[in-house]
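Protein chains: 2
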Amino acid sequence: MKFLDQLADITKKNNSLLCVGLDPDLEKLPAHLHSEKAQVFAFNREIIDATHDLVCAYKVQVAFYSAFAKEEELAQTITYIHEHYPQVPVILDAKRNDISNTASLYVKEAFDRYKADAVTVNPFMGMDSLQPFLEQKDKGIMILCRTSNAGAKDLQDLKIVDGKPLYWHIANKAVKQWNKNNNVLLVIGATYPQELAEIRALTNDMTFLVPGVGAQGGDIEATVRSGINSNGAGLIINSSRTIIYASKEKDFAVAARKIAEQTRDQINQFR
Amino acid sequence: MKFLDQLADITKKNNSLLCVGLDPDLEKLPAHLHSEKAQVFAFNREIIDATHDLVCAYKVQVAFYSAFAKEEELAQTITYIHEHYPQVPVILDAKRNDISNTASLYVKEAFDRYKADAVTVNPFMGMDSLQPFLEQKDKGIMILCRTSNAGAKDLQDLKIVDGKPLYWHIANKAVKQWNKNNNVLLVIGATYPQELAEIRALTNDMTFLVPGVGAQGGDIEATVRSGINSNGAGLIINSSRTIIYASKEKDFAVAARKIAEQTRDQINQFR
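Taken in order, these protein sequences are the chains called A and B. Per our numbering, the very first residue in the first sequence carries number 1; after that it's consecutive. Per our numbering, the very first residue in the second sequence carries number 1; after that it's consecutive.
Chain A extracted, bound-state conformation (with noise of 0.2 Å):
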């Protein structure tokens, strides 16, 4: 199955535009948590358990699994989801970019090893770069575009000879180039809902990764009107920390659970 119809899916059934997003600090976790030998993937299945029914995704972010040797854990994680919430499609926050030799390895590691269905790429070398993931027909490709934090503005705001800015550049050529197999997705910050609007003018239906909202600061009524397409979707709005860390102790999936909820119908009412 297309991660797109996937996706439409679920949206439906949890009425959710929400993505989780599960990135475990170690320094975060809940206390009576620490002396499990796995606890990552034990604070994940709580997690997951507690939210499964209110969001649309989950997203894990490689690099807090990665820094402390915990690939085993992502893994579990992913198989976790899909053995047990397998209209839950899992997105893969890698960022990758490299010549197209490298990056085909990089292709085997989300979709091969992580069983992903969709995974965060950066467009910075070009068509050649992003090719091996565009040949994923079945998989989500989430390409950069615009992205949430306060630096984005160094280079991807700069402006090309035509008067555009560069995020204009990667969202033009992500809907006229490399769409060809209907896959791609952009990656687009809740922090700027004005870029939001207008890579949304520019894209038609086009579905965008949404990071921002919460701990980041990104606002959900301007997020929801600026980036909702013609269906009332296109949008998966990740929030992680303000939703996994909702609280320390050992009532922290029902806390999550709880916010989880409040930010589902929160985005719904902007719908």
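Wrong hints could be hidden among the right ones.
The list treats identical chains as one, so a pair stands whether inside a single copy or across any two.
Quick list of in silico lysine-lysine cross-link-like pairs, BS3-like style, CA-CA up to 27 Å [stated by the list, open to error]: (1) Lys70 x Lys115; (2) Lys153 x Lys258; (3) Lys108 x Lys153; (4) Lys37 x Lys250; (5) Lys250 x Lys13; (6) Lys159 x Lys173; (7) Lys137 x Lys153; (8) Lys159 x Lys176; (9) Lys108 x Lys248.
Calculated directly from the structure, the hints in this document are not laboratory data. None of the values given here were measured: they were computed from a predicted structure.
Keeping the supplied structure of chain A fixed, place chain B upon it in accordance with the hints.
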């Protein structure tokens, strides 16, 4: 010791600007190694033992390991170099890039987990995404500027309103804003000697990591003449496939040494 000082010492000692890329492709490893339990490490060890006095650095490309869950052998390889040839620095070719919270974890991955001496990073997300790397004063932070692949032109060559291409702006920011700790290097493909010369003129004696000679077709003479700095150095010229797969037989390490020596000498001819 600062990476750039270590690099200067070994460049002098081994009279070499050559970096050997340890990118072990399972399908290309000599047949007699297939029965070894840690065949990737066994392969690397022989290449390292055979070439350590000919190089100024080794570069390990993470994807060749992470695609096959071989993080352990990647770590073993770097440890082996540090223990046996402590003068030779190791570059982790990871091309990471993310918001600063996540970038800090990639810093941990590169320097705490793998104990690399330098790392490649992608600048697309701007200054704050680079900051956690730039704060590592003793490490080498190698920022992608003009890459060796054909698709590099898609974004990196786009002309900004001042008439300068995007890669020029990256080189300019690297010199003027990002190099406060004197630990920044640029990654510039050997396949584009004209751009290399242009960036050399802009960045004074800054050191470049130059991939793309050998299998990717970059010309050594043009690379050295365009890229050398006023000290007759300032280049780390990487070759991977042409050297490490010089032979697929039991003599692969001897064959690799022969090509490495030829490449080093060819480079020196034009210094």
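Hint check results:
1. Lys70 x Lys115: Both: 16 Å inside a chain and 17 Å across chains, each within 27 Å.
2. Lys153 x Lys258: neither (34 Å within a copy, 47 Å between copies)
3. Lys108 x Lys153: between (32 Å within a copy, 26 Å between copies)
4. Lys37 x Lys250: within (17 Å within a copy, 42 Å between copies)
5. Lys250 x Lys13: neither (29 Å within a copy, 58 Å between copies)
6. Lys159 x Lys173: Answer is both: 16 Å inside a copy and 16 Å across each meet the 27 Å cutoff.
7. Lys137 x Lys153: between (32 Å within a copy, 25 Å between copies)
8. Lys159 x Lys176: both (20 Å within a copy, 20 Å between copies)
9. Lys108 x Lys248: Result: close only across copies, 24 Å inter versus 35 Å intra.
Comparing the model with each earlier hint shows violations of hints 2, 5; every other hint is respected.
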